[in-house]
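Here's the letter readout for the chains.
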Amino acid sequence: MTPSDTQVEEARSALQTKKVVNDFSIRVATVNGTGSQTSNLVLLRALFQMGIPVTGKNIFPSNIAGLPTWFIIRASRDGYLSHTRDSQVLVALNPETAEEDVHTMPTGSAIIYDEPLTLDRLRDDVVFYAVPFNKLVTPICRDPKLRKYVRNMIYVGVLAHLLAIDRDEIARALNKQLGRKKKALEMNWAAIETGWQYAQQHLPKRDPFILEPMDQNRDKILIDGNTAAALGCIFAGVTVVSWYPITPSSSLGEALIDYMKKYRIDRETGKATFAIIQAEDELAALGMVLGAGWAGARAMTATSGPGISLMAEFSGLGYYAEVPAVIFDVQRVGPSTGLPTRTMQGDLLSTAVLSHGDTKHIMLFPGSAWECYTMALEAFDLAEEFQTPVFVMSDLDLGMNYWISDPLPYPDRPPNRGKVLTEDDLQRLGRFERYRDVDGDGIPYRTIPGTPLPAYFCRGSGHNEQAEYTERPDAYVRNMDRLARKFETARQRVPAPEVIDHPRARVGIIGYGSSHYAILEARDHLRQQANLETAYLRIRAYPFNEQVEAFVRRYAPVYVVDLNRDGQMRDLLKLDLPAELTPRLRSVRHYDGHPIDARHITDDILSQEASL
Amino acid sequence: MSVTTSSPKLNRIGLPLAAYKGGKTTLCAGCGHNAISERIIEAFFELGVDLQWVAKFSGIGCSSKSPAYFLGGTHAFNGVHGRMPAVATGALLANRRLIGLGVSGDGDTASIGIGQFVHLVRRNVPLIYIVENNGVYGLTKGQFSATADLGSTLRNGVVNDLPPIDICSLSIELGATFVARSFSGDKKQLLALLKAALSHRGLAVLDVISPCVAFNDHEGSTKSYKYVKEHDDPLGDVHFIPSYEDISVNYEPGTTRDIRLHDGSHLLLSKLPEDYDPTDKMAALRMLDDARKKGEHLTGLIYIDTNSKDFIELLNLPDEPLATLPVEKVRPPKEVLDEINESFR
Ligand SMILES: Cc1ncc(C[n+]2csc(CCOP(=O)(O)OP(=O)(O)O)c2C)c(N)n1
Ligand code: SF4
Ligand SMILES: [Mg+2]
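Quick mapping for you: the protein sequence lines, in order, are chains A and B. For reference, each letter of the first sequence is one residue, going 1 to 612 in the numbering used here. For reference, each letter of the second sequence is one residue, going 1001 to 1345 in the numbering used here.
In isolation and in its complexed conformation, chain A is listed as follows (with noise of 0.2 Å):
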């Protein structure tokens, strides 16, 4: 069916009318396995070098190939940077969901398809493109194999060509994702050409979406979160690292890898100034950063649910004993293995307390790409400092998606190694007690093997001040009293909540990890659909900070976002709040295992404000 001339005519004064700049959002829906995600990406890289605000996320199964995944790219002039649902720009790629695709999409949408998938025969209110990609790809590609993953780069520049995206952009974009791989370069741009060539000869442009160059990214860098949280264990001057790979924490370490090999050989001798051990299970990966932390070195691992639910009891040995580590949980979909490849903050609750026993950890909760660099700094000088685990809680939208960021700041001072005994420690202290309290923050001096200072016996059961193993009642009660105190004194040395307030304020929002540009949207959208102003407290770390309890007394009520079913975060907040301000905490919750948006945060916000 070809559009009637009526259609066409509608659809020209529609864009004569009311273009769309910058502020749409484009959905690529392909069969994973055929290298989608190079040619997203080009497109991504080349809207950010047009310096236009943009986000990519990457909604893709748990497979290696032919299941369907969509890639979402949002251009925002306003620069928000979080997912929204609704896309106007669809390239149908995949058989399988090409007509489910093509009917969530909004009237007045532009659609690229595969041509023999006729999808113009679905609806009237859209824009049609049609491309006929085999016969487009086969005189660029001989070989069959090559075909199908160099047949996705024609939508970028049929794409490229719809849209108004800059060429030489599109070019350095390529270059930068392909880099060396001087044939696939060609190769991949000659399909470019092709798909740009024929929307310039057969595509008429019908619909009302156009980029145009801002210059909103200055100085900015386009960062996943786990490559940013690998540079910053490696700035951090992490020396172990132990890993069992687990989607979407995988990139974490692999990132790691990569980097050590190229920065941290010792130029001099041309060793490793690292170990990096993929380990049995995460059993031993979290077993291995605990013998090291204990030996002294900066240890770390990176997993996600199912591996932090196997470290449980090493987590509460390394609380218990009093042992240095940082485990990166990027989190995912659960129960069990439930959506490996989805977003989620579900491991809240079972990570504040993991272990059995009276068990508390110190939980990190990055709010962007930077924050994972940042915090990892900060994770590596806390888990010293208060020589205990800390567990750094990103998540896989913050994690494998690619953000806009400012660039990774160096650090700005040393390590702190903590209360590692010195020779005049010993002379100031008279002893040494591996376990006592001597300055009343509950945090004992350490020593490491290896030096002429004194030893002790690390172990996970009941212990006194002097290590020695003992069931008295009253040891075990005054080590668990210290052990409550360190805690407290971690609440004042986290990372403390970033709080926006607002003098007309009567509603408080908190927020935490991968929702924060979600709210800061939503808070635009309550104030200028329902004139509703709110203030903003955004959590980074468990213990909560006194500034928490604060914010809950100002406002009321406080909607409390979570990425999860149960309102993990809220729940916590109970746990720790005085019990008359519990009653001000409602619950926005989001869990089907796609980012977060603010459309989904407002209408909750406003229904529940309706029914208050």
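If you're looking for bench data, these hints aren't it; they were derived computationally from the structure. It is possible that some hints are incorrect.
Cut-off 35 Å, straight-line C-alpha distance, at most; resulting in silico cross-link-like pairs (DSBU-like, lysine-lysine) [stated by the list, open to error]:
id: 1; chain 1: B; residue 1: K1334; chain 2: A; residue 2: K220
id: 2; chain 1: A; residue 1: K181; chain 2: B; residue 2: K1187
id: 3; chain 1: A; residue 1: K181; chain 2: B; residue 2: K1329
id: 4; chain 1: B; residue 1: K1309; chain 2: A; residue 2: K271
id: 5; chain 1: B; residue 1: K1309; chain 2: A; residue 2: K220
id: 6; chain 1: B; residue 1: K1309; chain 2: A; residue 2: K360
id: 7; chain 1: B; residue 1: K1329; chain 2: A; residue 2: K262
id: 8; chain 1: A; residue 1: K183; chain 2: A; residue 2: K205
Label-pair ranges, simulated between beta-carbon atoms [claimed, not checked]:
id: 9; chain 1: A; residue 1: N416; chain 2: B; residue 2: N1316; range: 38 to 48 Å
id: 10; chain 1: B; residue 1: T1306; chain 2: A; residue 2: P245; range: 29 to 39 Å
id: 11; chain 1: B; residue 1: G1264; chain 2: A; residue 2: D481; range: 32 to 42 Å
id: 12; chain 1: A; residue 1: L426; chain 2: B; residue 2: G1023; range: 16 to 26 Å
id: 13; chain 1: B; residue 1: K1309; chain 2: A; residue 2: L426; range: 51 to 61 Å
id: 14; chain 1: B; residue 1: K1294; chain 2: A; residue 2: D481; range: 53 to 63 Å
id: 15; chain 1: A; residue 1: D143; chain 2: B; residue 2: K1309; range: 37 to 47 Å
id: 16; chain 1: B; residue 1: N1316; chain 2: A; residue 2: L349; range: 40 to 50 Å
id: 17; chain 1: B; residue 1: N1011; chain 2: A; residue 2: R485; range: 21 to 31 Å
id: 18; chain 1: B; residue 1: K1309; chain 2: A; residue 2: R478; range: 42 to 52 Å
id: 19; chain 1: B; residue 1: G1175; chain 2: A; residue 2: E96; range: 41 to 51 Å
id: 20; chain 1: A; residue 1: R431; chain 2: B; residue 2: T1306; range: 42 to 52 Å
Heads up, the beta-carbon is just placed ideally off N, CA and C, and yes, glycines get one too.
Take the given structure of chain A and dock chain B with the ligands to it, following the hints.
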């Protein structure tokens, strides 16, 4: 400490035997594990090991408690059940200068910890790994462990009808570089093997049969004192000659072997069975299998490989410990971060 009238014998670094002792044992009187602790004390004393560099590791069990009862002034990490290999690996990577000594039990190693043990062996982590093997879980009161022999009985008469995991055969299969079996009651052999293990670079597995007097020392048990004494089948005599002792040896070819260890020490194996070669994997496995079929406990140095690289070498680690590298070595300069930031623009 009391002052003795006659000055005690000092070792080559000027320390008395007492410096190598630990806390008073809380294990049962007569427990094989206690005898092993004593041999450890002797070995470290006699070789004059500097205790500052020793790090003891253990899992959970009666056996795993024993590091509190020897080498008292040294650092120790008593972790969780079956996971000592990981802790030791991490610590030894952090500080390659440490002399790692791990003590585990047969439950700790062959049941809950078998996964970690297997990978410890594969990695050839430089660690002395002693399994105090009594065929039962002592600390949880006498259940069978995975090393219990077929047909061996519990005190209540229950018969073990599952095949045992042979820690020595398994280790050899997995590429272990030092595999020995001994008996807690054989002072001379165990002492020599412990000293040899201290001179080996790489993982040294010592599977030491160590009777549990409380739960597995009865008639019908194949790991009772009586049974082991009657069925101990030593692979000749072992004699350790430290690197600092210059002794030239004459030995009869054929039945004696002189093995040069990494630090220049020697292990002399004499009265060996005809054509036994402890560097021959298949021969070692066959011997173990033959002995098992006969219901005997083959003891001695069973297999050794002094050529393979240990894990530290494989990882290309520097001479200084990773744990104490100065910040300049582990935090790249600002220019590196600038370059990295640039790559993301
Ligand atoms: C995770 C876990 N499960 C079970 C136990 C209980 N437990 C303590 S020691 C032990 C068995 C120890 O046997 P073995 O290693 O042979 O040591 P032995 O006491 O015989 O020397 C068990 C099952 C535990 N401590 N931890
Ligand atoms: S129960 Fe057995 S293994 Fe434990 S101390 Fe007593 S004799 Fe030794
Ligand atoms: Mg046992």
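Looking at the structure, which of the earlier hints fail to hold? 2, 5, 6, 9, 11, 13 and 17
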